[in-house]
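Colleague: Can you make the complete structure from the sequences, with help from the hints?
There are 2 protein chains.
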Amino acid sequence: MDSREFKEERDGKVAQIEALIQSCLPEEKGYAKTVIGAMNYSVLSGGKRLRPMLMEETYRLFGGTGKVVEPFMVALEMIHTYSLVHDDLPAMDNDEYRRGRKTTHVVYGECMAILAGDALLNYAFEIASRAFQIEPGNENVGKAFSILAGKAGIYGMVGGQVADIEAEDMGDQVTKEQLLYIHANKTAALIQSAMMIGATLAGATEQQIADVERIAYNVGIAFQIQDDILDITSSLEVLGKRVGSDEKNHKTTYVTIEGVEKSKQDVRKLSEEAIALLDSFTARNEFLDALLRALITREK
Amino acid sequence: MDSREFKEERDGKVAQIEALIQSCLPEEKGYAKTVIGAMNYSVLSGGKRLRPMLMEETYRLFGGTGKVVEPFMVALEMIHTYSLVHDDLPAMDNDEYRRGRKTTHVVYGECMAILAGDALLNYAFEIASRAFQIEPGNENVGKAFSILAGKAGIYGMVGGQVADIEAEDMGDQVTKEQLLYIHANKTAALIQSAMMIGATLAGATEQQIADVERIAYNVGIAFQIQDDILDITSSLEVLGKRVGSDEKNHKTTYVTIEGVEKSKQDVRKLSEEAIALLDSFTARNEFLDALLRALITREK
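If you're matching them up, the sequences are chains A and B in order.
Those letters in the first sequence? Residues 1 to 300, per this note's numbering, in order.
Those letters in the second sequence? Residues 1 to 300, per this note's numbering, in order.
Treat the hints as calculated values from the structure; they're not laboratory data.
Hints may be right or wrong, so weigh each one.
The list makes no distinction among identical chains, and a pair is therefore deemed to hold if it is satisfied within one copy or across any two copies.
Claimed, not checked - Within a straight-line C-alpha distance of at most 25 Å, the following computed DSS-like cross-link-like pairs (lysine-lysine) qualify:
# : residue 1 : residue 2
1 : 67        : 143
2 : 67        : 13
3 : 176       : 269
4 : 176       : 29
5 : 33        : 251
Modeller: Below, the structure is given as structure tokens:
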């Protein structure tokens, strides 16, 4: 699959996922319509829909063909969205713009943004529970539910957010272990959730699900380190000096701890391990291969 | 069952529920320990544990004897707790005390209180998903999940919160219909969730579950109207004039719309209908009868 083919196929898939998400959005009417408006504004923000895409492709990889994956695809994107809405709040990162659009609390007020985030998290589980009606007797649906909740909470994304916030006040006291904990939970956990739910719903074995968890971990960590590398090297290219935004903020990153060269090596190692694990499955999904490679090796 | 027997039995049940909740709390360790501390502080606030109690008793009423109800009992209490933590936030009601203790954001800061609420809501579904391991083949567990999420979200509690917040700025423009919507969702929805999940897990019929939904609606609405009545009449008794806190705040309540006498009649009507429905079941749970009666007819 060449780069043009990949992009065409990806754009087609994004459009399909957008349509699926649209079909699940609550109608803006009744006494709760303000918060529903805030929810829909937040969800329809032009995201890359990476998590639902990874879920669906992993589901296909392991032979899944049904519609039971769809409620979980939408649910995970809603969980991702709620986390952005709450992250942007004045008491958290206090961001006024995201992807060029005003953030939810700027448009709807802080109170409504808190409630919209709560509503999205809750609605995620409400949507996901539709999977029980699609395949009532399928025990894997219950397992998928456990993964969805587990990877989003204190032993997943929320845990990573908390550690990240506390790291902000620690300057260079942040350790590599702590940084890996943050990336593993704030970033990798929802990628793990996506791929593990896809594998679980398709009936993958325990070993395959464990391998998928490892692949997603490596992809998430490599993605984040690559982000840190690009923050420094792109500044170097453009400005001729090292003033990445992380460095300006005196933020400890993988690169400030390990240096650029070691960081690049580690990205390569994590990527190769992930690809090798993916290749070890007898089944193939060429698009998923290309998608994971694109994620890890991106240059901007 | 006389009043002393009822209170003794109730206190014993509260203690059992406390122990159950304690056994499910996350351990305060690791990089996420601050938010776990905030979660546990919020949950261990000395609440009446009314919702888990109603769930368990309704489960017993319909012949339930297993442990599958326990994760849902804890989950519902966590959903109730998260809603209080977020309600108390500066951007919402800005309350510094609840039940005589400092609120979560006062102790842990606003940022950690938002995350603790998010974590509690998420952890609720994580705990509830343990029910799939207890009874893997039981399709009612999936149905219970749908009820849990549905009654907590925009078509339940969150919807009621939003309408309540918007009503605050509307003064006497608030209609009876709007007020009933607020009570039905902000108050009654989680009582419905409790009783409907109990009935569902015990294998009650669709008709029985619908009747239970109606009973819980009546109890929730009657409870709330009784609250409004007590706000006015207790002020009358103590101060000799009508200065209930709702009236001082120019808040529209059921009583300001309908007057005290009509409100008392409506509480009676709602209660009688609820009791009649409960009596229509062939099964009996004397403690549940007493609990519902105590809720509706309380004098303070």
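Colleague: So, for every hint listed, does it hold in this structure?
Modeller: Each hint, compared with the structure:
1. 67 - 143: Result: close both inside a copy and across copies, 17 Å intra and 19 Å inter.
2. 67 - 13: within (15 Å within a copy, 43 Å between copies)
3. 176 - 269: Answer is within: at 17 Å inside a copy they meet the 25 Å cutoff, but 65 Å across does not.
4. 176 - 29: Only across copies: residue 176 and residue 29 sit 18 Å apart there, 49 Å inside one copy, limit 25 Å.
5. 33 - 251: between (40 Å within a copy, 22 Å between copies)
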